[in-house]
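K.L.:
If you want the building blocks of each chain, they are given just below.
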Amino acid sequence: MFENKKNITKRTVWMIAIGVCCLNIKVAFCQDKPQPVADPNASAAPQTQLEAEITLVTGKHVQYTLDKVNWLPAKVGIKLPGDASVRTGFASTCEISFRGHTVVRVEDLSSVRIAEYLGNEKQETVRTNLQYGAVRCGVEEGRIKSDTTISTPVALLAIRGTVTQVEYDRGTAECRLGVLSGGPADAISRRGRYPLQAGMNTNGQLNRYLQTAITERFVSVTGNVALGGLTPDEAGVLAQLAGGSLLQGDDPTSLLDRVRDRLSIIRDILCPGGECDPGPSQ
Amino acid sequence: MKWITGLLICCGGVVLLSGCQSNPPTEPEVATVSLTKTGPMDAAELAYQLSRKTWCTNDEACSMMLHFLDGEDPFAAFEERTDDLRQRGVMPEGWKLNADEPVTKGTLAYMVCRAMEQPGGLMMHLLPGRRYAYREAVELNLMAKGSENEPLTGPEVVGVMGRASRMMNQNQQVVD
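In order, the protein sequence lines correspond to chains R and S. Those letters in the first sequence? Residues 1 to 282, by my numbering. Those letters in the second sequence? Residues 1 to 176, by my numbering.
Think of the hints as simulated: they come from the structure by calculation, not from any bench. Backbone N, C-alpha and C define an ideal beta-carbon position, used for all residues, glycine too. Possibly wrong hints are sitting among the right ones.
Listing some non-contacts, in silico: residues in chain S with all C-beta distances to chain R over 12 angstroms [unchecked claim]: (1) Glu93; (2) Arg114; (3) Leu126; (4) Val160; (5) Asn169.
Quick partial rundown of chain S residues pointing at chain R, CB under 7 angstroms, derived from the structure [as the list claims (entries may be wrong)]: (6) Ala44; (7) Ala47; (8) Gln49; (9) Trp55; (10) Asp70; (11) Pro92; (12) Leu140; (13) Ala144; (14) Asn149; (15) Thr153; (16) Pro155; (17) Glu156; (18) Gly159.
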């Protein structure tokens, strides 16, 4: 009897051990194999280096450089690869076209560097640095996906489907962002002629709009406005600059929130709703 | 023994003469824009050089003014530039400026207001000079608030002249 009980216990232990082994084997074999993560951009062709082109030169003092040393007189048709720079003197402007989807107009007494220009059939990336002076930039919306930015040491402006003006004063480190609208320029489509408004698809009339548009309102940006880098003191100063009242005993966090709100208003002015109305286009 | 003593005295003398004087602090070298050495400089190049420079001298400011007015600076010397600006009424007769001194906000403001033919206010008519010209320039958003006696840096001069030029263009555009 006692021996029988001992055998039963032994068998039970063996059965449990075999069961545990089977479970382990099942877990090992039935585990889902890691699937390769699908890259959303995998289907898109890789962006390659492209060259911008000078499409308009006015005045006598427009120069470009490809090596940061030798400055040559700029002429229409000259190709500008990445890292090229353009500078202008008084009463001189230069228009740089990025395949017609983005047009940058370098205003008087300014210097601009093309940091990067990449693209393919469906999208393009334009990175320009405004070293001093002013630029007007128009980005077409509709035909391809454009990612255009103008950077200065104190601010970075991303433009999507609209026309803006950026001024940067290196002496005072002040950056002014202007919204252009109401320009007396017309565009022509199948429906006929229509007045251009900010953000409209211009179908090749972008450069004309850049020449004739009048700055309607400016937003000044001074100092460090990278939200992550703002200290409470900076936030207070920026709140004052932006027109907010700084009261004694203000909570720095609420100040920061107020500054964030104001910056979001600025962003809304520059590109309402994040997406600009394409307007009538063919 | 004598020559050892002499040698020690000499060494002591040298040490005493050299004293505790350390090397004098060397001032950081400020790059200057040569307006004449490399021939005539156009406005784009002058602005580019000034934007990398600490102070803007009276000579460079006068050269910028000539570029602003005519698009070129044909003169080689500071005196020729000031004479030309005086003849045009951009600079008053009584001013005595040194070529190498930093240009002040009042000096540049006066020249810019004259070049842009800004009428200014009553006080600018009654007491034409740096003080009220500077206030006019601040009012026009060409310069930041401060004092008319403050010196201007190279990048500041480029900023002021660039804004003045763009303002002239925009006014012309509205007129057209």
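K.L.:
Look at each hint and say if it fits the structure.
P.N.:
Here's how the hints hold up against the structure:
Glu93 of chain S, annotated as away from the interface, keeps every beta carbon of chain R farther than 12 angstroms; the closest lies near 26 angstroms. Interface exclusion of Arg114 of chain S from chain R stands, the closest Cβ pair being 16 angstroms apart, more than 12 angstroms. Look at Leu126 of chain S: its CB is around 30 angstroms from the nearest CB on chain R, clear of 12 angstroms, so calling it non-interface holds up. Look at Val160 of chain S: its CB is around 8 angstroms from the nearest CB on chain R, not clear of 12 angstroms, so calling it non-interface is violated.
A cut-off of 12 angstroms between C-beta atoms contradicts the statement that Asn169 of chain S is not in contact with chain R; the least separation is 7 angstroms. Evaluation of the Ala44 of chain S hint against chain R yields a held restraint, the C-beta minimum of about 4 angstroms falling below 7 angstroms. At a threshold of 7 angstroms, the smallest CB-CB gap from Ala47 of chain S to chain R is about 5 angstroms, leaving the interface hint in force. Hint status for Gln49 of chain S relative to chain R: violated, with the closest Cβ pair at about 11 angstroms, above 7 angstroms.
Using the Cβ-Cβ criterion of 7 angstroms, the hint placing Trp55 of chain S at the interface with chain R is not satisfied: the shortest such distance is roughly 11 angstroms. For Asp70 of chain S, the shortest C-beta to C-beta distance to chain R is roughly 9 angstroms, which exceeds 7 angstroms, and the interface hint is violated. Because the smallest distance between the Cβ of Pro92 of chain S and any Cβ of chain R comes to about 23 angstroms, over 7 angstroms, the interface hint for this residue is violated. With its C-beta approaching chain R no nearer than about 14 angstroms, Leu140 of chain S sits outside the 7 angstroms limit, and its interface hint is violated.
The criterion of a C-beta within 7 angstroms of any C-beta in chain R is met by Ala144 of chain S, whose closest approach is roughly 5 angstroms, and the hint holds. Checking Asn149 of chain S against chain R by beta carbon gives a least distance of about 17 angstroms; that is not within 7 angstroms, so the hint is violated. Interface restraint check for Thr153 of chain S: the shortest CB-CB distance to chain R comes to about 5 angstroms, inside 7 angstroms, so the restraint holds. Interface restraint check: Pro155 of chain S against chain R, minimum CB-CB distance 4 angstroms, threshold 7 angstroms, status holds.
Checking Glu156 of chain S against chain R: minimum C-beta separation of about 3 angstroms stays under 7 angstroms; hint holds. The closest approach between the C-beta of Gly159 of chain S and any C-beta of chain R is roughly 4 angstroms, which is under the 7 angstroms cut-off, so the hint is satisfied.
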